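Undergrad: One-letter residues, chain by chain:
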Amino acid sequence: MYEVIITRPRSLAEAIEALGDDNATPLAGGQTLIPTMKQRLAAPEVLVSLAGIEELSGVTIGDGEITIGAATTHADVAREVAGACPALAALAGGIGDPAVRNRGTIGGSLANNDPAADYPAAVLACDATIITNDREIRSDEFFDGMFGTALFEGEIITGVRFPIPERAAYAKFDQPASRFALTGVFVAAGGGVVRVAVTGAGEDGVFRWDAAEQALAKDFSPSAIEGLSPDPSGMIGDLHGTPEYRAHLVGVMTKRAVEAALG
Amino acid sequence: MPADGGIGASTRRREDVRFLTGQGNYTDDINIHNQAHVFFLRSDMAHGKINGIDTAAAEKMPGVIRIFTSKDFEGVGGIPCGWQVTDRFGEPMQEPKHPVLAEGFVRHVGEPIAAVVAETLQQARDAAEAIELDIEELPPVVDMAAALEEGAPKVHEDLKSNLCFDWGFVEENREAVDEAIRNAPHVTTLELRNQRLVANPMEPRVAIGVYDRAGDEHTLYTTSQNPHVIRLLMGAFVLGIPEHKLRVVSPDVGGGFGTKIFHYQEEAFCTFAAKAVNRPVKWRSSRSEAFMSDAQGRDHVTKIELALDEEGKFLAIRTNTLANMGAYLSTFAPSVPTWLHGTLMAGNYTTPLIYVNVKAVFTNTVPVDAYRGAGRPEATFQLERVIDKAARELGIDPIEIRRRNFITEFPYETPVALTYDTGNYHATMDKLEELADLKGFEARAAESKKRGKLRGLGVNCYIEACGIAPSNLVGQLGARAGLYESATVRVNATGSITVMTGSHSHGQGHETAFPQVIADMIGIDPEQVEIVHGDTAKGPMGMGTYGSRSLAVGGSAMVRAAEKVINKARKIAAHLMEASEADIELKDGQFTVKGTDKSVAWGDVTLAAYVPHNYPLEDLEPGLEETAFYDPSNFTYPAGAYACEVEVDPETGKVDVCSFHAVDDFGNIVNPMIVDGQVHGGLGQGIGQALLENCVYDDDGQLLSASYMDYAMPRADDLPFYTVDHSCQTPCTHNPLGVKGCGEAGAIGSPPTIVNAVVDALQRAGHDVTHIDMPLTPARVWAAMQG
Ligand SMILES: Cc1cc2nc3c(=O)[nH]c(=O)nc-3n(C[C@H](O)[C@H](O)[C@H](O)COP(=O)(O)OP(=O)(O)OC[C@H]3O[C@@H](n4cnc5c(N)ncnc54)[C@H](O)[C@@H]3O)c2cc1C
Numbered sequence: 001m002y003e004v005i006i007t008r009p010r011s012l013a014e015a016i017e018a019l020g021d022d023n024a025t026p027l028a029g030g031q032t033l034i035p036t037m038k039q040r041l042a043a044p045e046v047l048v049s050l051a052g053i054e055e056l057s058g059v060t061i062g063d064g065e066i067t068i069g070a071a072t073t074h075a076d077v078a079r080e081v082a083g084a085c086p087a088l089a090a091l092a093g094g095i096g097d098p099a100v101r102n103r104g105t106i107g108g109s110l111a112n113n114d115p116a117a118d119y120p121a122a123v124l125a126c127d128a129t130i131i132t133n134d135r136e137i138r139s140d141e142f143f144d145g146m147f148g149t150a151l152f153e154g155e156i157i158t159g160v161r162f163p164i165p166e167r168a169a170y171a172k173f174d175q176p177a178s179r180f181a182l183t184g185v186f187v188a189a190g191g192g193v194v195r196v197a198v199t200g201a202g203e204d205g206v207f208r209w210d211a212a213e214q215a216l217a218k219d220f221s222p223s224a225i226e227g228l229s230p231d232p233s234g235m236i237g238d239l240h241g242t243p244e245y246r247a248h249l250v251g252v253m254t255k256r257a258v259e260a261a262l263g
Numbered sequence: 001m002p003a004d005g006g007i008g009a010s011t012r013r014r015e016d017v018r019f020l021t022g023q024g025n026y027t028d029d030i031n032i033h034n035q036a037h038v039f040f041l042r043s044d045m046a047h048g049k050i051n052g053i054d055t056a057a058a059e060k061m062p063g064v065i066r067i068f069t070s071k072d073f074e075g076v077g078g079i080p081c082g083w084q085v086t087d088r089f090g091e092p093m094q095e096p097k098h099p100v101l102a103e104g105f106v107r108h109v110g111e112p113i114a115a116v117v118a119e120t121l122q123q124a125r126d127a128a129e130a131i132e133l134d135i136e137e138l139p140p141v142v143d144m145a146a147a148l149e150e151g152a153p154k155v156h157e158d159l160k161s162n163l164c165f166d167w168g169f170v171e172e173n174r175e176a177v178d179e180a181i182r183n184a185p186h187v188t189t190l191e192l193r194n195q196r197l198v199a200n201p202m203e204p205r206v207a208i209g210v211y212d213r214a215g216d217e218h219t220l221y222t223t224s225q226n227p228h229v230i231r232l233l234m235g236a237f238v239l240g241i242p243e244h245k246l247r248v249v250s251p252d253v254g255g256g257f258g259t260k261i262f263h264y265q266e267e268a269f270c271t272f273a274a275k276a277v278n279r280p281v282k283w284r285s286s287r288s289e290a291f292m293s294d295a296q297g298r299d300h301v302t303k304i305e306l307a308l309d310e311e312g313k314f315l316a317i318r319t320n321t322l323a324n325m326g327a328y329l330s331t332f333a334p335s336v337p338t339w340l341h342g343t344l345m346a347g348n349y350t351t352p353l354i355y356v357n358v359k360a361v362f363t364n365t366v367p368v369d370a371y372r373g374a375g376r377p378e379a380t381f382q383l384e385r386v387i388d389k390a391a392r393e394l395g396i397d398p399i400e401i402r403r404r405n406f407i408t409e410f411p412y413e414t415p416v417a418l419t420y421d422t423g424n425y426h427a428t429m430d431k432l433e434e435l436a437d438l439k440g441f442e443a444r445a446a447e448s449k450k451r452g453k454l455r456g457l458g459v460n461c462y463i464e465a466c467g468i469a470p471s472n473l474v475g476q477l478g479a480r481a482g483l484y485e486s487a488t489v490r491v492n493a494t495g496s497i498t499v500m501t502g503s504h505s506h507g508q509g510h511e512t513a514f515p516q517v518i519a520d521m522i523g524i525d526p527e528q529v530e531i532v533h534g535d536t537a538k539g540p541m542g543m544g545t546y547g548s549r550s551l552a553v554g555g556s557a558m559v560r561a562a563e564k565v566i567n568k569a570r571k572i573a574a575h576l577m578e579a580s581e582a583d584i585e586l587k588d589g590q591f592t593v594k595g596t597d598k599s600v601a602w603g604d605v606t607l608a609a610y611v612p613h614n615y616p617l618e619d620l621e622p623g624l625e626e627t628a629f630y631d632p633s634n635f636t637y638p639a640g641a642y643a644c645e646v647e648v649d650p651e652t653g654k655v656d657v658c659s660f661h662a663v664d665d666f667g668n669i670v671n672p673m674i675v676d677g678q679v680h681g682g683l684g685q686g687i688g689q690a691l692l693e694n695c696v697y698d699d700d701g702q703l704l705s706a707s708y709m710d711y712a713m714p715r716a717d718d719l720p721f722y723t724v725d726h727s728c729q730t731p732c733t734h735n736p737l738g739v740k741g742c743g744e745a746g747a748i749g750s751p752p753t754i755v756n757a758v759v760d761a762l763q764r765a766g767h768d769v770t771h772i773d774m775p776l777t778p779a780r781v782w783a784a785m786q787g
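Listed in order, the protein sequences are those of chains D and L. Take the first sequence: its position 103, counted from the start at 1, is 103 in this note's numbering, and no numbers get skipped. Take the second sequence: its position 113, counted from the start at 1, is 113 in this note's numbering, and no numbers get skipped.
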């Protein structure tokens with residue numbers, strides 16, 4: 001790690017001001033940023049910690065909606081949404097290990113948009129809205145390729161609003177080493193619409209699988225997508241799986257998510 | 001279990017109190033006043049020619065004390081190789097220099113090029129970034145077969161080729177084996193890779209060099225399994241420091257698994273630099289550095305052929321292996337694919353003809369050396385896999401085919417130079433069949449099927465050779481070291497005992513088990529015995545811990561020294577009781593005179609030795625301290641039979657290990673609980689190799705699995721509950737304890753069990769799969785099912 005200055009603003013306004021500095025970077029749980037800094041792959045001069053800002057943290061469960069503050073940890077989400085949206089709770093509770101879940105945050109995960117991260121699949125499948133310090137961004141507009149998002153320099157996520165789906169489930173197949181998603185599929189159904197979001201598999205990060213959505217909209221059952229899998233071109237190939245394997249897993253995990261969503 | 005805590009008691013490990021409460025004293029816990037820190041600038045290129053290293057700007061950076069490059073090491077030796085292999089044609093292996101800092105060329109990612117010594121690690125690292133390297137990239141060789149091709153780029157420009165040696169064993173058998181295979185009714189062939197592994201001990205390596213000007217004395221604190229060997233190798237071959245001016249200390253060490261046997265550049269560097277800058281110099285490896293600087297394990301590519309008659313009787317074995325040495329020869333690298341591998345190819349079986357060929361190859365990768373089992377897992381894997389395949393081809397039950405070929409008479413001389421002293425392979429297999437409830441398998445398979453899972457059963461045997469010896473023989477085989485062990489038993493005046501042993505303990509529990517032996521011999525409380533190890537200033541020259549040799553060799557040395565102590569104590573007791581020495585008996589800490597009620601306590605005798613008022617001074621020196629060096633007359637041969645059941649998810653290829661049964665014959669057992677733990681650990685590592693771990697380089701020699709993000713270590717939930725049994729005991733016939741060694745068995749025996757079980761599951765489900773290379777990742781198993 002290089003030398004770095006950490007500031008700990010007490011309010012969102014203070015944080016935004018501190019982030020006005022071109023060399024400043026927000027620090028949430030640090031579970032991605034700190035390891036990168038230790039390897040000297042990132043070298044921010046100033047870190048603006050979001051951890052102590054009360055208005056960024058916590059879960060509000062309202063009428064058909066869940067709003068989660070950006071600095072809410074995975075462990076808190078897992079606990080607090082267990083009743084309102086078990087699929088989301090299970091997803092949050094399956095991220096990393098206890099240390100990671102008690103530090104890492106939903107805002108950090110979404111801003112980072114790791115192609116194998118879990119939250120992006122939930123956000124995209126549930127058609128959640130990303131709330132930033134000056135606008136709201138629909139999920140379909142938010143993710144922009146591996147590690148890319150619609151956020152501007154200096155813009156921060158303050159919260160995420162999830163419509164509570166009628167039926168939903170997340171099926172994750174672990175990458176054996178990191179236990180990030182080798183392929184993870186979040187299926188959400190509500191109001192006659194089915195959305196299927198896939199993480200871990202696509203070369204451009206999280207994506208919606210249209211063919212499965214259409215098939216499931218007609219018939220929300222595992223048999224509707226039996227044997228279906230996306231085209232392997234555009235899938236990630238690495239040490240842990242070929243594009244063909246990932247494409248196959250997308251089909252299997254989608255089927256398992258549908259089974260789970262049906263209870 | 002004996003209540004006195006002697007041999008056979010599952011005494012809890014006394015060292016765990018300090019390990020589990022954070023009171024351990026690891027090398028990194030040691031900080032010497034005024035110490036400086038070193039950061040190594042390592043190559044990010046697999047192969048390149050160094051045209052220039054400009055340190056001018058870096059030297060001006062804050063806190064920098066001095067920057068070293070290979071220029072500073074002119075006249076300093078290379079890191080020596082401790083074993084010379086002679087090839088099939090009688091020529092010695094090719095042995096390139098292994099410099100402390102890269103000399104002229106870089107040959108693997110992670111090779112140290114320059115070393116910055118600074119006030120803080122942070123400053124050293126900052127300055128390293130300011131060093132300007134002018135390195136011309138050269139084409140690397142990564143694949144072994146490609147490295148041996150005509151015209152392949154050479155890892156070492158000054159060597160003839162990338163072939164380190166071409167070893168044949170037993171060369172005289174070659175033609176007879178070829179002939180037997182040509183004429184055999186059935187030949188089963190298997191091509192496989194025993195993948196490269198990273199040892200990953202929990203504690204990364206650390207070295208601290210200290211120099212005392214007044215006495216011209218060097219001290220090296222290092223995370224080593226064998227401090228005396230480091231002192232010899234580094235002192236005599238690299239830095240030219242005589243032993244009496246060099247002390248090597250290895251305090252608590254957080255796991256070694258082989259990779260901390262070897263002498264490393266960083267140790268030599270810190271020792272050298274401490275004198276050069278006249279400050280203590282400390283280095284601590286980061287986990288990332290460990291991935292590219294700790295010697296790695298395995299990495300063999302093998303073709304094995306097994307010739308059988310119609311009844312499944314083994315007629316001959318021919319095996320050809322390419323063994324990756326990496327870019328340089330690590331300390332014991334050449335011995336691993338040869339003497340620790342070829343000699344094991346008979347396994348538990350009576351195969352009359354065996355020929356082993358090994359070509360050791362240089363590549364632009366991190367050096368490879370011994371890792372838990374070292375050569376024996378590679379031998380066991382290919383042998384037990386090819387037997388499994390043969391059984392399936394011939395339609396013979398895998399257990400039955402093994403039983404038909406078991407060695408049953410001992411001592412047994414194998415066609416590959418070993419003499420097994422004892423064993424009972426049918427007994428371990430009987431025990432296994434009973435414990436693993438093999439008859440119940442079909443019912444369990446049916447139950448798995450209901451849940452959509454494919455169940456498979458894997459069974460195999462293993463044999464290993466531990467406590468490698470005797471020294472005069474291994475000397476002929478190319479070892480440049482002796483393989484005895486030493487112990488000093490120092491009895492204190494009040495009767496407590498301090499044992500200085502050359503066996504280093506870094507997780508094995510010696511501090512608990514060794515006292516149990518002494519306590520048993522004398523009949524005192526084990527708490528009265530303390531073990532001292534890991535410091536060349538404290539004990540006699542010892543050879544360290546590896547190859548499951550500690551109790552068999554180190555324990556035997558301790559027994560020999562204790563016997564000398566007891567003999568002398570008996571003389572003192574005879575004097576005190578005015579009896580004849582021949583009539584003195586020692587039991588429960590009391591010396592008695594046979595046929596009388598006279599007795600004198602151990603503590604009174606030991607006190608007399610140090611306060612010799614009533615003492616036979618004309619015949620006997622005062623004091624009670626003895627040293628013994630024990631050089632074994634043979635290896636020991638633990639053996640066992642393993643079974644496991646797996647479930648394969650046909651949709652994803654994921655393998656779950658449902659059960660694992662390990663039946664081992666370790667001879668006599670001193671502490672059954674510690675033995676269980678050693679087996680558990682070995683099984684964990686073996687299952688890790690079978691299912692998860694894989695060290696992978698790309699074609700450019702870049703390490704792809706360079707962190708835990710991509711290198712999969714086994715976690716608790718990857719592993720089943722084990723059933724471990726060591727009730728079948730054929731004591732070793734040639735060491736005083738009758739013990740064989742248990743440290744590596746689990747890692748040797750388990751990889752084929754898992755692969756056999758997965759192949760079984762797939763075949764039962766109708767897939768035409770005869771082999772899958774490790775690790776059996778979900779992706780590989782799924783691909784195999786696709787045909
Ligand atoms: C061992 C381990 C295992 C893991 N396993 C998983 C897993 O299984 N699945 C998974 O999804 N993730 C996993 N992670 C990642 C983890 O979930 C991280 O917590 C997460 O990716 C980043 O969140 P953070 O709060 O730690 O963000 P930080 O590391 O603090 O920040 C990440 C990035 O986001 C930026 N940022 C943070 N907050 C905001 C904000 N509010 N607005 C704008 N930008 C912001 C930062 O500047 C930085 O660039 C794992 C991490 C570790 C260390």
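In case anyone wonders, no lab produced these hints; they're calculated from the structure. Please note that a few of the clues may not be correct.
[What the hints assert, rightly or not] Restricting the straight-line Cα-Cα distance to at most 20 Å, the calculated cross-link-like pairs of lysine to any residue (SDA-like) are: (1) Lys38/D - Glu289/L; (2) Lys49/L - Ile181/L; (3) Lys654/L - Ser229/D; (4) Lys571/L - Lys654/L.
For clarity, every value in this text was computed on a predicted model and none was experimentally measured.
Undergrad: Identify every previously stated hint that the structure contradicts and give their numbers, smallest first.
TA: Hints 2, 4 contradicted; others consistent.
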